[in-house]
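> One-letter residues, chain by chain:
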Amino acid sequence: MALTQALTIGIDIGGTKVAAGVVDPEGNILDRLRRDTPTKDPRETEDAIAEIVRDLESRHDVIAVGIGAAGFVDGTRSSVLFAPHLAWRHEPLRDAVERRLGVPVVVENDANAAAWSEWRFGGGQGESHLVCVTLGTGIGGAILNDGALQRGKFGIAGEFGHMQVVPGGHRCECGNRGCWEQYASGNALTREARELALSGSPVAHNLLRAAGGDPRKINGPMVTELAKDGDPVAVELLEDVGRWLGIGLANLAAALDPGTFVIGGGVSDAGELLLAPAREAFKRTLTGRGFRPEARIVRAVLGPEAGMVGAADLAREEATWLRRVRVKTTAVTAKTAAARGRSTRVERAARKSAARRTGLRAASAESAVELDDSEA
Amino acid sequence: MGLTIGIDVGGTKIAAGVVDADGTIGARTHRDTPADSVDATAAAIVDAAAELIAAHEVEAVGIGAAGFVSSDRSTVLFAPNLAWRDEPLGARVAEQLKIPVVVENDANAAAWGEFAFGAARAAEHMVCITVGTGIGGGVVIDGELLRGAHGVAAELGHMRVVPGGHRCGCGARGCWEQYASGRALVREGRAQAESGSLAAAQMLSVCGITDPAELTGPMITEAAAAGDPCAMELLEDLGRWLGEGLASIATLFDPSTIVIGGGVSAAKELLMKSAQVAFEKHLPARSNRPHPSFGLAELGNDAGLIGAADLARRPVPVL
Ligand SMILES: [Zn+2]
Ligand SMILES: [Zn+2]
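Chains as they are written, first to last, in UniProt numbering: chain A, 1 to 376; chain B, 1 to 319.
Certain hints may be false.
[Claimed, not checked] Under the rule of at most 35 Å between Cα atoms (straight-line distance), these lysine-lysine pairs were calculated in the DSBU-like manner:
hint	chain 1	residue 1	chain 2	residue 2
1	B	K273	B	K13
2	A	K17	B	K273
3	B	K281	B	K268
4	A	K283	A	K228
5	B	K98	A	K283
6	B	K13	B	K268
[Unchecked claim] Pair by pair, the computed Cβ-Cβ distance ranges are:
hint	chain 1	residue 1	chain 2	residue 2	range
7	A	E272	B	A83	38 to 44 Å
8	A	Q5	B	D72	39 to 45 Å
9	A	R191	B	G169	31 to 37 Å
10	A	P293	B	T24	35 to 41 Å
Simulated from the structure, these hints should not be mistaken for laboratory data.
Heads up, the beta-carbon is just placed ideally off N, CA and C, and yes, glycines get one too.
Let's have the full structure, built from the sequences with the hints guiding it.
Quick look at the structure:
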């Protein structure tokens with residue numbers, strides 16, 4: 001089978017659900033499955049993953065599996081160092097699942113996986129300097145330079161949600177106070193809406209009615225729905241979150257100077273109700289504004305399945321690379337190559353092709369080719 | 001490649017030197033910076049370089065300049081302390097010297113110097129901050145300097161740390177460099193003294209002055225080294241802001257090494273200790289992740305010059 005037509009499976013592990021899909025090389029999802037996440041025991045989660053994969057494999061010919069997980073994934077993309085919503089601590093997920101399945105497995109941070117698919121198939125196509133921000137319960141982040149995911153030294157770069165924006169601000173589960181995700185995430189939207197409703201203010205009347213009179217039942221999608229119907233308070237709540245979003249993006253622009261920000265995750269369903277105030281706050285707080293080019297702020301286009309598609313596509317990259325290594329040499333086994341950090345190599349290849357596309361960094365692309373060849 | 005020239009364009013002085021492939025500076029020269037004139041500044045840079053070129057076989061020139069340098073590594077989009085606005089500095093200097101010229105942001109150049117030859121020689125992922133009057137930043141990812149889409153990445157000093165905080169020259173409020181730089185140290189020291197606090201009065205007398213307006217950063221550093229409690233507190237506060245800010249920055253880049261340089265880092269132990277304590281305390285999920293190493297810059301004032309010279313060896317991207 002030609003690798004260019006091969007199918008892979010992408011798996012998105014959330015706090016409550018495991019979602020899996022069979023994905024083709026154009027990013028189309030051909031088949032889907034869902035299971036509840038057994039949070040108690042890592043073994044059970046691994047079993048659940050294996051079960052889902054076998055189920056999908058019975059109907060499709062797949063060459064690799066990509067897993068997107070919320071949490072810190074180490075630099076070799078094999079272990080989950082820490083997952084806030086799961087019982088994983090230094091969990092060697094890749095090897096455990098590979099053992100069960102016998103196909104190459106890639107483990108990736110869920111926000112990185114989502115960003116990868118936005119770069120390959122979505123709102124970030126053709127962007128040499130892309131920053132993706134996923135607004136869910138918290139804030140996930142990813143940096144893609146010249147088509148290479150930036151993982152940092154230990155694999156945990158792009159944790160934007162825990163950048164401090166308010167000294168001594170709201171408590172965060174990471175152990176700090178005032179993290180960005182306490183102000184610009186779905187949780188923040190819900191907290192503010194509930195607080196408003198609890199205050200008994202008459203302006204929150206529609207909000208309360210939508211929640212059946214119980215402030216604790218108010219959630220983010222409810223606020224978004226009301227805002228879309230023109231409820232002024234819901235619009236304001238989204239404006240506030242949007243403003244914090246823009247302020248944080250201005251910080252990221254000072255540090256990273258991307259060409260495009262892609263904003264995804266559940267809160268981004270609010271569209272312009274969120275992004276218009278975000279752009280305004282971004283322009284208002286950007287360092288050196290007026291004397292520098294400014295990044296575009298656009299909405300993600302792939303929706304909640306971006307992570308699944310991205311994980312599947314990263315698995316395809318990996319399988320393609322592994323097969324190339326096997327073809328080229330028998331002296332270096334795939335496993336030794338893996339031990340030497342195969343992840344960065346896959347991306348070097350991506351960076352190389354990005355370099356070809358853009359004509360940028362010709363020199364560094366050439367040296368990457370040399371390196372690849374000498375190592376293979 | 002053989003020798004290159006590195007030029008560090010500061011607000012008052014232009015320092016130039018011939019640098020070899022190992023980052024060693026040979027001959028040096030300098031000129032005063034004619035800050036108010038674009039033409040005179042370019043002429044002074046050309047003059048300094050020409051002097052070195054006449055005596056050495058040089059292949060390229062690297063210029064480190066404070067300001068936004070566009071991704072063509074030639075045009076200065078904006079410089080806060082000099083009169084440059086969309087100034088094609090690289091092309092201008094190259095035309096007169098007849099050799100390749102590369103322009104870099106000065107903090108990027110200093111960071112590169114530390115990465116290539118200084119405190120982060122062994123690292124792949126580095127964040128370097130230069131704490132002087134303001135804060136300059138430079139980031140190396142996977143062995144490459146982060147320039148961003150437009151060339152103006154790593155302006156770390158202008159990340160906002162206090163909503164509605166002190167005004168900054170960049171047009172925003174609450175920027176990190178308003179809290180963790182030499183300017184912040186002096187502002188706080190003077191404010192303390194003007195408040196009539198007895199501790200501050202004692203600090204002034206240790207510094208040998210009576211007027212708070214005469215207080216400078218080096219004076220505070222010296223008083224702290226001599227054990228003056230007020231000066232020590234001021235440096236501890238500064239260190240705390242430094243550490244907190246670096247913890248946020250570490251969440252973005254996940255560096256293996258953080259390097260702190262610049263004038264304020266002369267206050268080594270006190271400042272670094274307080275910065276490191278705050279950093280460890282504010283690193284998100286600190287018990288569930290590896291921590292980067294934390295160190296002082298090694299190249300001192302020459303970091304920018306050496307870094308600019310070395311960056312001049314590296315090919316200019318074709319746009
Ligand atoms: Zn946090
Ligand atoms: Zn600023």
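> State for each hint whether it applies.
Verification of the hints:
1. K273/B x K13/B: Holds, because 32 Å separates the two Cα atoms, which is no more than 35 Å.
2. K17/A x K273/B: violated (44 Å)
3. K281/B x K268/B: At roughly 20 Å apart (the allowed maximum being 35 Å), K268/B and K281/B satisfy the hint.
4. K283/A x K228/A: holds (24 Å)
5. K98/B x K283/A: Measuring from Cα to Cα gives roughly 40 Å; hence the hint is violated.
6. K13/B x K268/B: holds (25 Å)
7. E272/A x A83/B: 38 to 44 Å: holds (40 Å)
8. Q5/A x D72/B: 39 to 45 Å: Taking Cβ atoms as reference, Q5/A and D72/B lie about 41 Å apart, which means the hint holds.
9. R191/A x G169/B: 31 to 37 Å: Given range 31 to 37 Å: holds, Cβ gap about 35 Å.
10. P293/A x T24/B: 35 to 41 Å: At roughly 37 Å between Cβ atoms, T24/B and P293/A fall inside 35 to 41 Å, so the hint holds.
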